[in-house]
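Number of protein chains: 2
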Amino acid sequence: MSAQCQKILNHVSKHIDLTSEEAEHFSSLLQFKALPRQSVILKSGNSCNTINYVNTGVLRAFYTDDKDKESTIMFAIADWWITDMHSFINQTPATLTIEVIEDCSLAQLSKASLDKLFVDIPKFERLFRIMMQNAYIREQVRVLQNLSQSAEERYENFIRKYPQISNRVTQKQIASYLGITPEFLSALRKNRATKKS
Amino acid sequence: MSAQCQKILNHVSKHIDLTSEEAEHFSSLLQFKALPRQSVILKSGNSCNTINYVNTGVLRAFYTDDKDKESTIMFAIADWWITDMHSFINQTPATLTIEVIEDCSLAQLSKASLDKLFVDIPKFERLFRIMMQNAYIREQVRVLQNLSQSAEERYENFIRKYPQISNRVTQKQIASYLGITPEFLSALRKNRATKKS
Numbered sequence: 119m120s121a122q123c124q125k126i127l128n129h130v131s132k133h134i135d136l137t138s139e140e141a142e143h144f145s146s147l148l149q150f151k152a153l154p155r156q157s158v159i160l161k162s163g164n165s166c167n168t169i170n171y172v173n174t175g176v177l178r179a180f181y182t183d184d185k186d187k188e189s190t191i192m193f194a195i196a197d198w199w200i201t202d203m204h205s206f207i208n209q210t211p212a213t214l215t216i217e218v219i220e221d222c223s224l225a226q227l228s229k230a231s232l233d234k235l236f237v238d239i240p241k242f243e244r245l246f247r248i249m250m251q252n253a254y255i256r257e258q259v260r261v262l263q264n265l266s267q268s269a270e271e272r273y274e275n276f277i278r279k280y281p282q283i284s285n286r287v288t289q290k291q292i293a294s295y296l297g298i299t300p301e302f303l304s305a306l307r308k309n310r311a312t313k314k315s
Numbered sequence: 119m120s121a122q123c124q125k126i127l128n129h130v131s132k133h134i135d136l137t138s139e140e141a142e143h144f145s146s147l148l149q150f151k152a153l154p155r156q157s158v159i160l161k162s163g164n165s166c167n168t169i170n171y172v173n174t175g176v177l178r179a180f181y182t183d184d185k186d187k188e189s190t191i192m193f194a195i196a197d198w199w200i201t202d203m204h205s206f207i208n209q210t211p212a213t214l215t216i217e218v219i220e221d222c223s224l225a226q227l228s229k230a231s232l233d234k235l236f237v238d239i240p241k242f243e244r245l246f247r248i249m250m251q252n253a254y255i256r257e258q259v260r261v262l263q264n265l266s267q268s269a270e271e272r273y274e275n276f277i278r279k280y281p282q283i284s285n286r287v288t289q290k291q292i293a294s295y296l297g298i299t300p301e302f303l304s305a306l307r308k309n310r311a312t313k314k315s
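Same order as they appear, the protein sequences are chains A and B.
Take any residue in the first sequence, count from 1 to its spot, add 118: that is its number in my numbering.
Take any residue in the second sequence, count from 1 to its spot, add 118: that is its number in my numbering.
Where hints are given, some of them may not hold.
For chains that are exact copies, the list does not tell them apart, and a pair is met inside one copy or across any two.
[Said to hold, decoys possible] Heads up, simulated DSS-like pairs for lysine-lysine below, C-alpha to C-alpha not over 30 Å straight-line:
| # | residue 1 | residue 2 |
| --- | --- | --- |
| 1 | K229 | K151 |
| 2 | K185 | K314 |
| 3 | K185 | K313 |
| 4 | K313 | K125 |
FYI, nobody ran anything at the bench for these hints, they're computed from the structure.
What you are looking at is a predicted structure, and each value in this text was computed from that prediction instead of being measured.
Given only the sequences and the hints, what does the whole structure look like? Please build it.
Written as C-alpha cells, this is what we have:
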C-alpha cells in the first residue's frame, strides 16, 4: 500500500474501524493526484466532481464577485478535506474556485464513488457525519465571530487557531478570509506590533 | 402513535427507511415538550443537553457579548432542528442561548440517546450526515454572503429565502441575524419601499 493511501486510512481509522477488505475497497475508489503550486483544481462555473483529502500541501477555496473581488471561504492543509460542498452534493455549477497554494498531493473521491461507498460500507456515513458536524460547527463559530467580533479580534483568533496556515499564505489571502482589505490588515498588524513592543 | 411523533417520523423517512420496530425504538428515545413564547430552552453557560426537532413554533439561538449585544445565529421553524451544536457534541458549557419566539412543541433527543441511537440503528448516521451536510452548506453560504454582499443584499436574500421566518420575528431580531443595527435595517427597509413605489 502506498504511503499516500496509508495516510488517508490513518485519518479514516480515527473515526471508524475498517476490515482489510473494506480498506482495500475504499482505496480502490480513490484517485491520487499531485499538483504544483498555482494549479486550479476547481473553477467557478464548472462542475465540481471531487471531494479532496489533502495528503500534503495547502489549498484555498474562494469566491470572485463581478468586480473581481475575492472572498476566501477556506484554506485546507494536510489531513483536511476540501470541495465546494454545495456544488459537489447537488451537482450544480461551482460557486467557488479552488487553487493550490503550495504543491500538494490529494486523494480524491468522485460523487459517484462516495455514493457507492455509503452503500457498500455504510459505516462511512459515520465518518462523514462527524466530518460534516465538525465543518458545521467551524462555520457556525465563524458566523458568530463575523457578527460579534472586531476585525482585530478575528485576526488574533485566526493566527492563534491556524498557525500552520497563517505562515503559509499571503496577507492578501488572510485579509480576504477575514473580509477586510489588505491595507486594513496591514494597519492592524502594525498596531499589534506597536502594542507588543 | 401521537401526531407529534408521526411528524418527526415523516421527517426521518425523507432520508432513511425504518422498520416499525426501529421507528418504535427511535420514538422511545424522544422526549416531547410544549413550551410557551419567551421560554428559554438553553441558557449560555449551562450545559446543552438536547438536540431539538421543532414540531411547531419558532425558536431563536443567539449569542450575547459582554456589552449585552445580541447576535442571532439561527432561527428554527417547523421541521428544523436546533441546538448549540458545539456545546451539545462536546458537552461543554453553552455559548448560545435558545429562546422560544412563538409557542412551540419539540421532540428532544439527549446526547446519550443520540449516541445510543447511532449504535442501535446505524442508519441514523445517514440521517444526521445529511442534516449536518445541509447545515454546513447553509452556514458556508452565509459566511460567503457576509464576506461578499452588502447588508441590503443580505436582507433581500434573507426575506426571499426564509419568508416563513421573516414574518414571524422582530426587525430587531433580523438585524441581529444580519449583523447590523436595527436603525440601519429600518433605513434599508425605507429605502427599499421608496424604490418599489
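Inset, instruction - Could you place K313 and K125 in one of the four classes (within, between, both, neither) given a Cα distance threshold of 30 Å? - result: neither (42 Å within a copy, 57 Å between copies)
Legend entry - Within, between, both or neither, where K185 and K314 count as close if Cα-Cα is 30 Å or less: between (37 Å within a copy, 26 Å between copies)
Inset, instruction - Check K229 against K151 for me: Cα-Cα at most 30 Å, and say if that holds within a copy, between copies, both or neither. - result: within (17 Å within a copy, 39 Å between copies)
Legend entry - Copy assignment of K185 with K313, given that the CA separation must stay at most 30 Å: between (36 Å within a copy, 24 Å between copies)
Hint 4 from the earlier list is the only one contradicted by this structure; the remaining hints agree with it.
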